[in-house]
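Participant: With the sequences and hints as input, model every part of the structure.
Chains as they are written, first to last, in our numbering: chain A, 3 to 160; chain B, 3 to 160.
Hints may be right or wrong, so weigh each one.
No copy labels: a pair is met if it fits in one copy or bridges any two.
What the hints assert, rightly or not - The calculated SDA-like cross-link candidates involving lysine to any residue, where the alpha carbons are at most 25 angstroms apart (straight line), are:
(1) Lys6 with Pro49
(2) Lys6 with Gln31
(3) Lys127 with Gly56
(4) Lys6 with Pro107
(5) Lys5 with Arg106
(6) Lys6 with Arg81
To be clear, the hints were calculated from the coordinates, so they are not data collected in a lab.
Since this is a predicted model, take the numbers as computed values, not measurements.
The chain contents come next:
2 protein chains.
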Amino acid sequence: MEKKAFQDYYPDNMAYCYGCGRMNEFGLQIKSYWDGDETVCLFQPRPYHIAIPGFVYGGLIASLIDCHSTGSAAAAAYRATGRPMDSEPALRFLTASLHVEYLRPTPIDGPLEIRSQIKEIKGRKVVVESTLSAKGEICAKGQVIAVQIPDHLVPSGD
Amino acid sequence: MEKKAFQDYYPDNMAYCYGCGRMNEFGLQIKSYWDGDETVCLFQPRPYHIAIPGFVYGGLIASLIDCHSTGSAAAAAYRATGRPMDSEPALRFLTASLHVEYLRPTPIDGPLEIRSQIKEIKGRKVVVESTLSAKGEICAKGQVIAVQIPDHLVPSGD
Chain A
3 MEKKAFQDYY
13 PDNMAYCYGC
23 GRMNEFGLQI
33 KSYWDGDETV
43 CLFQPRPYHI
53 AIPGFVYGGL
63 IASLIDCHST
73 GSAAAAAYRA
83 TGRPMDSEPA
93 LRFLTASLHV
103 EYLRPTPIDG
113 PLEIRSQIKE
123 IKGRKVVVES
133 TLSAKGEICA
143 KGQVIAVQIP
153 DHLVPSGD
Chain B
3 MEKKAFQDYY
13 PDNMAYCYGC
23 GRMNEFGLQI
33 KSYWDGDETV
43 CLFQPRPYHI
53 AIPGFVYGGL
63 IASLIDCHST
73 GSAAAAAYRA
83 TGRPMDSEPA
93 LRFLTASLHV
103 EYLRPTPIDG
113 PLEIRSQIKE
123 IKGRKVVVES
133 TLSAKGEICA
143 KGQVIAVQIP
153 DHLVPSGD
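Facilitator: Structure representation (structure tokens):
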């Protein structure tokens, strides 16, 4: 049986994000997991995700870091409170700020690995720092400040 | 006759970026223009570009700010040197760093306006600051540090 990803626990009505929603048929449908105290996501860019030939466009890198980080923030919030990820109410996070440093061109002909550490959990805020690697080399670094979704923005569960 | 966008001047072999390449049939194909000393880009998100229902996902916002900023950096470099945008050699920019602050949820049911100012041009580096608005309200702010593409990464013109 395959391990469930963070995104597999999102309630159906919150599972349509273009970056991470498993029910968005046009989207990236990323999958994130714990690896010890870090979180990890592997993603195979599609041939049309290029900036210049051979290299991934920066918006995809930003999108992967963003959505993997908000998923990681939720997972960390469950873990910090000792709650299983399928318990109610669902904890979901939005991005307050995103910072990406592009260190070198990211080759497109292989999987990208986004690996993150939870740097801080404080109230409804979680700080997540990430690296994005291709072929064993770090190509970008990211920092996301994620904030738990305000109750009035959580879609009703109908 | 319609005004040409910055991206319409990109040489064919550099016009496949998912965010801004006019020849990437799967991509966003954004169009950026001068408006006085500012640059502006209008983009209509597609229904599947959602984060949670009704709101744009953050990765699209980051992608729009990123690609509009590198296009703006190139336009500013041409303008600073008094060169027309169709002169050779082509000036193209990559993103060294991208920072986005998400100020409020961005509604998806209307066009997004990205409006940018050139804050600094120094050697091969251009700093671009942007706002992203929907329905007249600023929903996100961005800063991009763009760097002129090193010659060895420029695709050959065949």
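Participant: All hints are to be evaluated individually against the structure, with a verdict given for each.
Facilitator: Now for the hints, and whether the structure bears them out:
In the homo-oligomer, the alpha carbons of Lys6 and Pro49 never lie at most 25 angstroms apart, since the shortest distance is 27 angstroms inside one protomer and 27 angstroms across protomers. Proximity of Lys6 and Gln31 under a CA criterion of 25 angstroms is satisfied intra-copy only: 13 angstroms inside one chain copy versus 35 angstroms between copies. Taking identical chains as interchangeable, the C-alpha atoms of Lys127 and Gly56 lie at most 25 angstroms apart only when they sit on different chains, with a minimum of 23 angstroms there against 37 angstroms within one chain. Neither within a single protomer nor between protomers do Lys6 and Pro107 lie at most 25 angstroms apart by alpha-carbon distance, with minima of 32 angstroms and 29 angstroms respectively.
Taking identical chains as interchangeable, the C-alpha atoms of Lys5 and Arg106 are never at most 25 angstroms apart, the minima being 32 angstroms within one chain and 34 angstroms between chains. For the homomeric pair Lys6 and Arg81, the shortest alpha-carbon distance inside one copy (15 angstroms) is at most 25 angstroms, but the shortest distance between copies (52 angstroms) is not.
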